[in-house]
Each structure stands twice: as C-alpha cells, then as structure tokens.
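Undergrad: Sequence:
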Amino acid sequence: MTKHTDEGSMPQYEGETGAAERTFGALPVARGRAFARSWWGQAWLKALEDTALDGAQLALGRQHARAGAVGAVSVRPGRITAVVQDRDHTQHRSDVLVQQLSGAHWERLADLVADRAGHLAALLDRDLPPVLVEDASAAGIELLPGIGDLEPECSCGAWDHCAHSAALCYQVARLLDQDPSVLLLVRGRGERELLDEVQARSAAIPAGAAAERPDVGVPAAEAYAARDILPPPVAPPPVAAPGTPPVLGGGTPPAPGVDVAALEFLIGDAAARAQELLADALSPGHADSPIPPVLTPAQDAVRLAAAGPGAARSARLAAGSGRDAAGLAAAVRAWELGGRAGLAALEEERTPEPEVLARAAGRLASAWEDGEARPPLRASGNRWTEDGGTAQLRYGRDGRWWPYRREGGQWVPAGPAADDPAAAWAVLSAEG
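Okay, so the sequence shown: first residue is 939 according to our numbering, each after it adds one.
In case anyone wonders, no lab produced these hints; they're calculated from the structure.
Keep in mind that this is a model prediction, so the values were computed, not measured.
You may find that some hints are simply not true.
Unchecked claim - Distance ranges between label pairs, derived from CB positions: (1) 977 <-> 1317: 47 to 57 angstroms; (2) 1328 <-> 1076: 32 to 42 angstroms; (3) 1216 <-> 1327: 41 to 51 angstroms.
Stated by the list, open to error - With a cut-off of at most 25 angstroms between alpha-carbon atoms, the simulated SDA-like pairs for lysine to any residue come out as follows: (4) 984 <-> 1081; (5) 984 <-> 961; (6) 984 <-> 1306; (7) 984 <-> 1043; (8) 984 <-> 1084; (9) 984 <-> 1082; (10) 984 <-> 1368; (11) 984 <-> 1097; (12) 984 <-> 1196; (13) 984 <-> 1295; (14) 984 <-> 1354.
Using N, Cα and C, we set each Cβ at its ideal position, and we do this for glycine too.
The task is simple: from the sequences and hints, build the whole structure.
TA: The structure is reproduced here in structure tokens:
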C-alpha cells in the first residue's frame, strides 16, 4: 500500500521499479523550501511555467502544493494523476499528460546508455547527468519536457493549467528530485525495463570482441578473477592547496610600468584556479558535467577584484573593465551574490518576450497573500521599481528575482536572488 513519506527519503510506492504504474503517497507540507533542487526538477517546472498562461493559477497551485493539498500521485506511461483539494475542501481529479517515447526512441536510448558506463552508473545512482540528456537530444530523444509538453486535464473544467494541475506539477518536481526514473516511466518505460535492455546489449558482445575493441574493456568476472596478478591501480595524485607565489623582485628594480605585486597576485590566482580545475577533474562524475562558459575579460576583471587584490590594482581592474570605482564595487557585490547570473542582472537592461513578461508580471501580482500590503511598483523592461522609492526588483533570464537598492545615485544589489518575488522584496524590507 502507499505510505506517507518524509522529506529527503525515498518515497514508498506500490509495485516494483519498472512496473507499469507507481503510486507515491502524499508528500508532507513544504513550507519555506524550493520545489525543485535538481536541475532536471527545475527543467520540469520551467516547462510548466513557460506553458501556463495564468500566473495567478500557478501561484495558487504553489500554495496548494505547499499546504499538502495534493493527494497520492499515480505515475504511469503518458499520464500523472492525483486528487487535489481546494480550500473549501472540494476535491478535483487532475491529470498531466506527457507524450511517450516511441519504441525506436527507447532502442536508441538503450544504445546510448550501454555505450557509456557513466550514463548507466548515474541512472543507478538516481542521477540524471546533463551530458546524458544532451546525448539523447542529439539522437532525437527529448527526455525533459519543453513548452507545451505538459498537457493538463482537470475535473474543474479548465482548458489551461489550473491551480490543481499546477499543484500536481509542483509535487511531481519534488518526486523527480528524489528519483529521476519517474521521468522515464511517464515517458513510457520504467527504470527496470531500460536497465534490462542495456544489460541485454552488454551481454550480446561476442566473447572475443573485447580483444578487438580495447575500449569495451573486459567482463567484471574476468577482472575479479585476475585480481591477484594484476598490478594495483594507480592512485590519482593528491590535490594540495596552492603554494605561496614566488617573490619576483629579487632585489632588481622592475622595468618601467611593471607592477610586481600585481604579477605576484596573478600568479597566486592562476595557481588557485589550477588547483580547483585539478580537483574538479578528479571528482566523481566529472566526465558527465557540462563545460562552464569562458569568462569575458570584463567578467574576469570582476572575479579578480572580488578576490581583494588591493586598492591600487582594483583601480586598474576598474579601468580595464570600463567601470569607475563605484561601478566595480557594485559589480563585485553582484558577483559575490550570484556569479555570472548576478553580474548579468546588474548589467543587462532588457525587455523580455511578451509571453515571458506577462508571466513574470502575473507572478509578481500574485506573490502577496490576500490582505498583505503590496508595494507600489512600476515596470520598465525586466525591472519593477518602487514608485518614489529606492527599491527595485529585477527579473533574471533564469526566472529568479533580484533585489536592488538605489545608493549614491546608482542601483546596487541588495541580496541574493529568490525564486519568489515576495521573498526578494522581503530582503529590501528588512534593510529598511
């Protein structure tokens, strides 16, 4: 039978993994936490929020989900179902339909997983690495839903995503966080079915194929049998902290225009970055991690300034990045709060696409509960500014809200980004 779950533990369900249907018990109340922490759970919610036309219904759906109004969730190929209770205790059956993958798609996906041991290990570890999703997409297999892929059906009669189907989607994001194989099941097959297909492909390799294809390796049983005659594996080198930068002066005056202290600072920074890259390269799952984008010179100048190189060198970094001292200080603050995304929120003044802007405006309008005082805000592009005040909210490309405060004639970051605009505004209210 279905059982109630505790947050952070694996949900209990009816049937074995790989069965045609899994039923998850009602999740506990989720006040004060994000619905999705994993990148695939966030992608699921992005598909919902990019599709839904009514931001007020999404906000009400979040409230239902947080309050525990979503009952047991049934997941089967192509359909997710739950009963959602309104505040007046009226119950509605809500379904979310997702297109299933074809048999040919599953064949190609099994080939992909069988071809890379890292893919199989990740699935067994309840992980969904970005490289697996990218490889599948390159083969014409879309594992994650996109705009319009989450089709709602609800007994309330709504034709678009209503509060009930939205609440169901928010709860499913929590389930996906704990077990991404839920996504495989709704796409048409359980985890066990896929793993059986992968195992069948591995067993089909001819006995002599390993010698002809050295990249295939040898069966685990053979490697275990030869454990006493094989040399021990080479341990990865230890990753120590970077050493002290060398002293470049040596008693000889530097050439005109050469800042010796700045060079020593850059040497130390290069050593620290090399140590971080080596530690990352030796970490588990490195091969399946996406390659981060390269910083522009202006962004790297901000990163260096955040490391505290000293007033004189900070002035050089400001000039080299096209900023004055106050501008660099604001950029450093943005970097410390959010890295590239924080810096983009500081520097980009843009007008989102009409549908994105409408969803953001709807979410902002529904962020405060009934009876709460709403701040008077006027919109300009992706920025909402307090009328006659010094507070501002900025809507980032990732759908998060950044609090800003006007100080000394310029806008500066007031705190980290928040998924909810009311939470971002609370940072400004706390500052006075």
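Undergrad: Now look at each hint and say whether the structure bears it out.
TA: Against the structure, the hints:
| no. | hint | in the structure |
| --- | --- | --- |
| 1 | 977 <-> 1317: 47 to 57 angstroms | violated, 30 angstroms |
| 2 | 1328 <-> 1076: 32 to 42 angstroms | violated, 48 angstroms |
| 3 | 1216 <-> 1327: 41 to 51 angstroms | holds, 48 angstroms |
| 4 | 984 <-> 1081 | holds, 14 angstroms |
| 5 | 984 <-> 961 | holds, 24 angstroms |
| 6 | 984 <-> 1306 | holds, 21 angstroms |
| 7 | 984 <-> 1043 | holds, 24 angstroms |
| 8 | 984 <-> 1084 | holds, 8 angstroms |
| 9 | 984 <-> 1082 | holds, 10 angstroms |
| 10 | 984 <-> 1368 | violated, 29 angstroms |
| 11 | 984 <-> 1097 | holds, 19 angstroms |
| 12 | 984 <-> 1196 | violated, 50 angstroms |
| 13 | 984 <-> 1295 | holds, 14 angstroms |
| 14 | 984 <-> 1354 | holds, 20 angstroms |
Violated hints, in rising order: 1, 2, 10 and 12; the structure is consistent with all others.
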